[in-house]
Amino acid sequence: MTDYVDGELRPGIRSRIKEHLTGCSGCRTLEQALQKKAVEPFKNAQKVQAPGIVWEGIKEAIAVPERAPVFIIRRPAFALAACAALIFLMAVFARPFFISHGPVAEYMQEQAEFFAYLDTGANGFMDEEGIGLGTSIEEYFL
Amino acid sequence: MQDISKELLTQASTGDIQAFEEIYRLASSFVYSVALRVTRNADEAKEVSQDVFIKIYNNLRSFRFRSSFKTWLYRITTNTALNALKKSSKNINRRVDYDVALKANDDSATATHAIEMDDNKKLLSSLLDMLNPDQRACIVLREIEGLNYREISKALSININTVRSRLKRARETLLAHGKRGDRP
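Same order as they appear, the protein sequences are chains A and B.
Count along the first sequence from 1, then add 117; that gives the number in the numbering used here.
Count along the second sequence from 1, then add 4; that gives the number in the numbering used here.
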């Protein structure tokens with residue numbers, strides 16, 4: 118019946134239903150009730166116009182001047198990889214600079230000199246023949 | 005809704021505000037009408053209409069005319085209206101309660117309001133209120149805007165048989181209400 122009321126049926130089926138309606142009072146009553154209660158009230162619906170304020174709002178929204186182009190990262194994975202590579206390269210190239218200067222470098226230098234000093238046996242004890250016996254602690258146990 | 009030419013759409017897609025205003029003039033009645041009937045709220049209908057046209061303006065450049073502009077417009081309008089309705093559905097009960105409270109406190113306001121309301125508008129409003137949002141959207145597009153089943157199915161992105169069943173159920177509801185109204 119819905120399809121019939123909406124004119125969505127093929128002409129052949131439509132004419133058969135129309136024919137049926139002329140002879141069947143029950144179906145005819147249903148069709149009339151449907152037209153009266155569920156279809157006709159909408160046919161008299163008034164056309165509504167959008168209030169002027171709607172266009173004003175739209176105009177305001179679309180007339181906003183375009184902002185200066187902003188750098189947009191289209192592929193974050195590539196950008197991240199590029200950043201990581203850049204940081205790595207900076208670290209590699211900046212390493213000699215940090216190694217030869219600064220407090221860490223100075224400390225490392227001092228330690229190297231100290232071990233070199235120990236290695237020469239300058240602080241060790243010598244026996245009579247001038248052979249080193251190691252460190253003072255070793256000498257104590259000996 | 006009146007036809008909108010391809011030339012006008014192309015012109016508007018380049019950012020021509022005057023061309024876009026002409027599109028608005030041709031389509032705003034349809035958009036506002038659907039938004040109003042679906043949301044049942046004038047303020048929401050205004051917001052929905054604005055959203056629809058802003059979406060169209062921003063996306064017109066990428067519109068490739070593979071489907072008709074009307075279908076696109078129907079779809080944006082019904083989706084935006086239904087989404088707005090769903091978003092505000094939490095507030096509806098509160099709003100109704102508020103309205104009921106106001107009416108209970110001021111009978112004269114109720115009477116004035118009733119006189120001001122056109123009978124047909126009232127009837128239409130009460131009929132639409134009986135339907136759920138999906139059925140309402142189908143009935144509005146079919147009965148008020150005159151779309152056929154295929155156009156409704158495209159606008160709502162649903163199967164044509166779903167359109168058929170929603171219309172059937174909507175009419176059953178309206179008929180049941182009509183029968184109750186006929187009782188002495």
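Keep in mind the hints are simulated off the structure, nothing from the lab.
Treat each hint with caution, since some may be false.
[What the hints assert, rightly or not] No farther apart than 27 Å at their CA atoms in a straight line, the calculated lysine-lysine pairs in the DSSO-like style are these:
(1) A:K153 - A:K135
(2) A:K160 - B:K50
(3) A:K154 - B:K59
(4) A:K135 - B:K172
(5) B:K59 - B:K10
(6) A:K153 - B:K91
(7) A:K176 - B:K50
(8) B:K10 - B:K90
(9) B:K74 - B:K90
(10) A:K135 - B:K91
(11) B:K172 - A:K160
(12) A:K164 - B:K50
(13) B:K126 - B:K172
(14) B:K74 - A:K176
(15) B:K50 - A:K153
(16) B:K91 - A:K154
(17) A:K176 - B:K10
(18) B:K126 - A:K176
(19) B:K172 - B:K90
(20) B:K125 - A:K164
(21) B:K126 - B:K91
(22) B:K172 - A:K164
(23) B:K90 - A:K153
(24) B:K59 - A:K160
(25) A:K160 - B:K126
(26) B:K59 - A:K176
(27) A:K164 - A:K153
(28) B:K126 - B:K50
(29) B:K126 - A:K135
(30) B:K10 - A:K160
(31) B:K158 - B:K10
(32) A:K176 - A:K135
(33) A:K164 - B:K10
(34) B:K158 - B:K74
(35) B:K90 - A:K164
(36) A:K176 - B:K91
(37) A:K164 - B:K59
(38) B:K125 - A:K160
(39) B:K126 - A:K154
Structure-based check of all given hints:
1. Restraint check for K153 (chain A) and K135 (chain A): the C-alpha separation of about 17 Å stays at or below 27 Å, so the hint holds.
2. For a cut-off of 27 Å, the pair hint linking K160 (chain A) to K50 (chain B) stands: about 24 Å separates their Cα positions.
3. Distance check on the hinted pair: K154 (chain A) and K59 (chain B) sit about 37 Å apart at the alpha-carbon level, beyond 27 Å; violated.
4. Restraint check for K135 (chain A) and K172 (chain B): satisfied, since their Cα atoms lie roughly 19 Å apart, inside the 27 Å limit.
5. Between the alpha carbons of K59 (chain B) and K10 (chain B) the distance comes to roughly 18 Å, so the proposed pair stays at or under 27 Å and holds.
6. Proposed proximity of K153 (chain A) and K91 (chain B) is contradicted: the alpha carbons are some 34 Å apart, above 27 Å.
7. The suggested pairing of K176 (chain A) with K50 (chain B) holds, with an alpha-carbon distance near 14 Å, which does not exceed 27 Å.
8. Only pairs whose Cα atoms come within 27 Å are accepted, and K10 (chain B) paired with K90 (chain B) is rejected, the gap being roughly 34 Å.
9. Distance restraint check for K74 (chain B) and K90 (chain B): the Cα-Cα separation of roughly 24 Å lies within the 27 Å cut-off, and the hinted pair is therefore satisfied.
10. Annotation: proposed proximity of K135 (chain A) to K91 (chain B) is violated, straight-line Cα distance about 44 Å (limit 27 Å).
11. The suggested pairing of K172 (chain B) with K160 (chain A) holds, with an alpha-carbon distance near 17 Å, which does not exceed 27 Å.
12. Annotation: proposed proximity of K164 (chain A) to K50 (chain B) holds, straight-line Cα distance about 15 Å (limit 27 Å).
13. Between K126 (chain B) and K172 (chain B) the CA atoms are separated by roughly 23 Å; this keeps the pair inside 27 Å, and the hint holds.
14. A distance of roughly 22 Å separates the Cα atoms of K74 (chain B) and K176 (chain A); the hinted pair therefore holds under the 27 Å criterion.
15. With a C-alpha separation of about 31 Å, the suggested pair K50 (chain B) and K153 (chain A) falls outside the 27 Å cut-off, and the hint is violated.
16. Restraint check for K91 (chain B) and K154 (chain A): the C-alpha separation of about 31 Å exceeds 27 Å, so the hint is violated.
17. Our distance criterion of 27 Å between C-alpha atoms is met by K176 (chain A) and K10 (chain B), whose separation comes to about 22 Å.
18. For a cut-off of 27 Å, the pair hint linking K126 (chain B) to K176 (chain A) is broken: about 33 Å separates their Cα positions.
19. Between K172 (chain B) and K90 (chain B) the alpha-carbon distance is near 23 Å, which keeps this suggested pair within the 27 Å criterion.
20. Proximity of K125 (chain B) to K164 (chain A) is assessed by CA-CA distance (about 11 Å); at most 27 Å being required, the pair is judged to hold.
21. A C-alpha spacing of about 25 Å is found between K126 (chain B) and K91 (chain B), which places the hinted pair at or below 27 Å, so the restraint holds.
22. A threshold of 27 Å between alpha carbons decides the hint, and for K172 (chain B) with K164 (chain A) the separation of about 25 Å falls inside it, so the pair holds.
23. For the proposed pair K90 (chain B) and K153 (chain A), the alpha carbon gap of about 31 Å is over 27 Å, so the pair is violated.
24. For the suggested pair K59 (chain B) and K160 (chain A), the alpha carbons sit about 30 Å apart, so the restraint of at most 27 Å is broken.
25. Distance check on the hinted pair: K160 (chain A) and K126 (chain B) sit about 14 Å apart at the alpha-carbon level, within 27 Å; holds.
26. For the hint pairing K59 (chain B) with K176 (chain A), the CA-to-CA distance comes to about 13 Å; that is within 27 Å, so the pair holds.
27. For a cut-off of 27 Å, the pair hint linking K164 (chain A) to K153 (chain A) stands: about 20 Å separates their Cα positions.
28. Pair hint K126 (chain B) plus K50 (chain B) holds up; C-alpha atoms about 20 Å apart against a cutoff of 27 Å.
29. For the hint pairing K126 (chain B) with K135 (chain A), the CA-to-CA distance comes to about 33 Å; that exceeds 27 Å, so the pair is violated.
30. For the proposed pair K10 (chain B) and K160 (chain A), the alpha carbon gap of about 31 Å is over 27 Å, so the pair is violated.
31. For the suggested pair K158 (chain B) and K10 (chain B), the alpha carbons sit about 20 Å apart, so the restraint of at most 27 Å is met.
32. The suggested pairing of K176 (chain A) with K135 (chain A) is violated, with an alpha-carbon distance near 51 Å, which exceeds 27 Å.
33. Restraint check for K164 (chain A) and K10 (chain B): satisfied, since their Cα atoms lie roughly 25 Å apart, inside the 27 Å limit.
34. For a cut-off of 27 Å, the pair hint linking K158 (chain B) to K74 (chain B) stands: about 10 Å separates their Cα positions.
35. At most 27 Å may separate the alpha-carbon atoms for a hinted pair to count; K90 (chain B) and K164 (chain A) meet this at roughly 25 Å.
36. Our distance criterion of 27 Å between C-alpha atoms is met by K176 (chain A) and K91 (chain B), whose separation comes to about 25 Å.
37. Restraint check: the Cα-Cα separation between K164 (chain A) and K59 (chain B) comes to about 24 Å, which is no more than 27 Å; the hinted pair holds.
38. Our distance criterion of 27 Å between C-alpha atoms is met by K125 (chain B) and K160 (chain A), whose separation comes to about 12 Å.
39. Of the pairs offered as hints, the one joining K126 (chain B) and K154 (chain A) holds, with about 14 Å between alpha carbons and a cut-off of 27 Å not exceeded.
Of the hints listed earlier, those the structure fails to meet are numbers 3, 6, 8, 10, 15, 16, 18, 23, 24, 29, 30, 32, in rising order.
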